[in-house]
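Protein sequence lines, in the order shown, are assigned to chains A and B. Residue 1 is where the first sequence starts when you use full-length UniProt numbering, and the numbers rise one by one after that. Residue 1 is where the second sequence starts when you use full-length UniProt numbering, and the numbers rise one by one after that.
Source of the hints: derived by calculation from the structure; they are not laboratory data. Ideal Cβ placement from N, Cα and C applies to all residues, glycine included. Just so you know, not all the hints are guaranteed correct.
DEER-style ranges, computed between Cβ atoms [unchecked claim]:
no. : chain 1 : residue 1 : chain 2 : residue 2 : range
1   : B       : Ala-248   : A       : Arg-245   : 56 to 66 Å
2   : A       : His-219   : B       : Ser-255   : 42 to 52 Å
3   : B       : Ser-256   : A       : Gln-150   : 22 to 32 Å
4   : B       : Ser-255   : A       : Pro-77    : 25 to 35 Å
So the chains spell out like this:
Number of protein chains: 2
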Amino acid sequence: MQRKSNFRDVFYISDATAITSETLGHAILGQFPLETRQTTLPFIETNERAEQVKSLIDQSFESTGVEPLVFYSIVLPEVKTIIEQSQAHFYDVLNVLVESLKNDLQLEPQPQLQRSRSINRDAASYQDRIAAIEYTLAHDDGISLNNLDQADVILLGVSRCGKTPTCLYLAMQFGIRAVNYPFIAEDMASLKLPAIIEPYRYKTYGLTIDAERLVAIRHERYANSDYASRQQCECELNKVEAMFRREAIPYLNTSSLSVEEISTRLLDISGLKRKMC
Amino acid sequence: MQRKSNFRDVFYISDATAITSETLGHAILGQFPLETRQTTLPFIETNERAEQVKSLIDQSFESTGVEPLVFYSIVLPEVKTIIEQSQAHFYDVLNVLVESLKNDLQLEPQPQLQRSRSINRDAASYQDRIAAIEYTLAHDDGISLNNLDQADVILLGVSRCGKTPTCLYLAMQFGIRAVNYPFIAEDMASLKLPAIIEPYRYKTYGLTIDAERLVAIRHERYANSDYASRQQCECELNKVEAMFRREAIPYLNTSSLSVEEISTRLLDISGLKRKMC
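Whenever a hint applies, use it, and build me the whole structure from the sequences.
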């Protein structure tokens with residue numbers, strides 16, 4: 001039996017998707033110097049499945065010699081009871097705060113399966129989110145520039161600075177209709193906002209990136225091309241940043257930001273409401 | 001001063017993206033019969049911004065006459081202190097569980113800004129996720145059927161049964177390379193798996209949907225078309241479900257499931273590991 005002091009098995013368990021348990025567990029584990037092996041077990045809806053999960057956790061304890069960490073959110077009482085009999089440390093991701101709210105508000109909670117991001121909770125708002133994804137896909141990378149009036153945001157920037165994943169995240173997570181427009185040589189030569197974008201400048205934002213990082217990203221796709229050369233990248237970035245300044249387009253450097261961070265910063269700058277369901 | 005008994009202002013506040021606070025706050029609020037107005041305030045990184053946020057919360061208390069609910073996760077000590085002086089009920093989304101882990105593990109937490117889903121935390125795994133998004137986009141709706149060997153999953157189903165948003169969610173959230181293949185008339189006539197998919201049947205999954213729901217979805221896009229007719233939808237669904245059964249392709253009915261639920265169920269069926277960063 002091997003035993004590494006900072007190793008732990010981690011289980012995310014739920015009778016729904018387990019996304020909340022995962023999100024919170026990740027954020028918490030990020031604060032501890034641990035080496036982990038992580039397993040997600042969603043839709044544990046029957047006593048039989050719960051028994052299987054209990055065995056899995058107990059096996060982990062036996063083989064590693066330390067208690068696994070279980071982040072969980074389970075509404076079904078019997079399923080919960082079975083899993084809590086495993087040999088582990090337990091972290092109920094909702095329970096403590098639900099109790100606090102209950103006391104503060106003097107209201108009884110009504111736990112329901114899958115109320116988070118369920119299609120049944122708010123069908124209209126869910127359909128809006130799917131429509132935002134479709135709109136965003138149809139307007140990726142300048143494929144279509146129709147219906148720009150329906151866009152919530154329009155992102156501008158050089159090729160490979162992070163526009164596409166950011167637009168998709170905005171649509172998927174927040175129901176935002178996001179268009180992205182890649183600069184073409186003519187736009188850069190004129191140093192002006194493209195005529196088709198001009199009427200919508202109030203909802204236009206720029207993305208930029210450090211030349212070094214852009215070279216690396218482009219190089220990965222087209223090694224040793226002009227497109228990926230330091231000179232080309234610097235030239236494009238200089239021109240586009242000059243345009244952003246000249247046209248007074250707010251812009252953001254994405255070099256050290258994840259899509260989550262770029263997206264939330266854009267929402268913050270733009271004052272756009274997140275549409276959650 | 002109006003006062004509705006079940007109305008509350010809700011604030012999600014963080015010195016990072018506030019996504020964790022939002023996710024958890026949503027899950028918790030879903031259990032209470034409340035009417036809410038929700039505001040997310042990310043990147044509160046300076047004392048000045050913190051004072052502004054405090055004013056906003058206090059204004060809400062004064063105008064509504066009830067304490068707003070604040071879900072927050074703040075690492076910067078001064079920012080945290082300022083915000084906690086507002087007139088509100090406070091729910092620190094990480095703190096209680098971090099304390100539990102600290103005791104259970106006998107390890108000191110090292111709170112860091114933006115450790116969740118930050119590009120700096122695990123650059124290689126972040127790049128994998130971006131690559132998965134690109135792969136998935138390039139393989140959406142049968143655009144390309146090259147490199148199927150690199151796919152983690154291949155989704156089959158009739159047009160408009162939920163394949164595209166599911167694939168994008170799998171890529172965005174879990175770093176899964178997901179291909180989707182829409183059935184064409186010939187595939188349905190032959191009732192066989194398309195030849196190009198055949199070698200990859202072990203990673204192929206089907207989506208289906210109730211005819212009534214498919215009619216409604218198609219109708220929204222192409223009202224009164226044959227494509228959206230009850231007869232056409234039923235015919236396609238019958239053929240495709242017969243093919244799934246005949247070819248022993250595991251499949252899922254998406255009618256009452258959100259993309260989050262479809263995606264996590266697919267991961268569960270397939271045994272695929274979520275790649276988080």
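A quick look at each hint next to the structure:
1. For the pair Ala-248(B) and Arg-245(A), the supplied restraint of 56 to 66 Å holds, since their beta-carbon distance comes to about 60 Å.
2. A beta carbon spacing of about 45 Å between His-219(A) and Ser-255(B) agrees with the range 42 to 52 Å that was offered as a hint.
3. Hint check: Ser-256(B) to Gln-150(A), Cβ distance near 28 Å, so the stated range 22 to 32 Å holds.
4. Checked against the hint of 25 to 35 Å, the pair Ser-255(B) and Pro-77(A) passes, with Cβ atoms roughly 28 Å apart.
The structure fails none of the hints (numbered hints given earlier).
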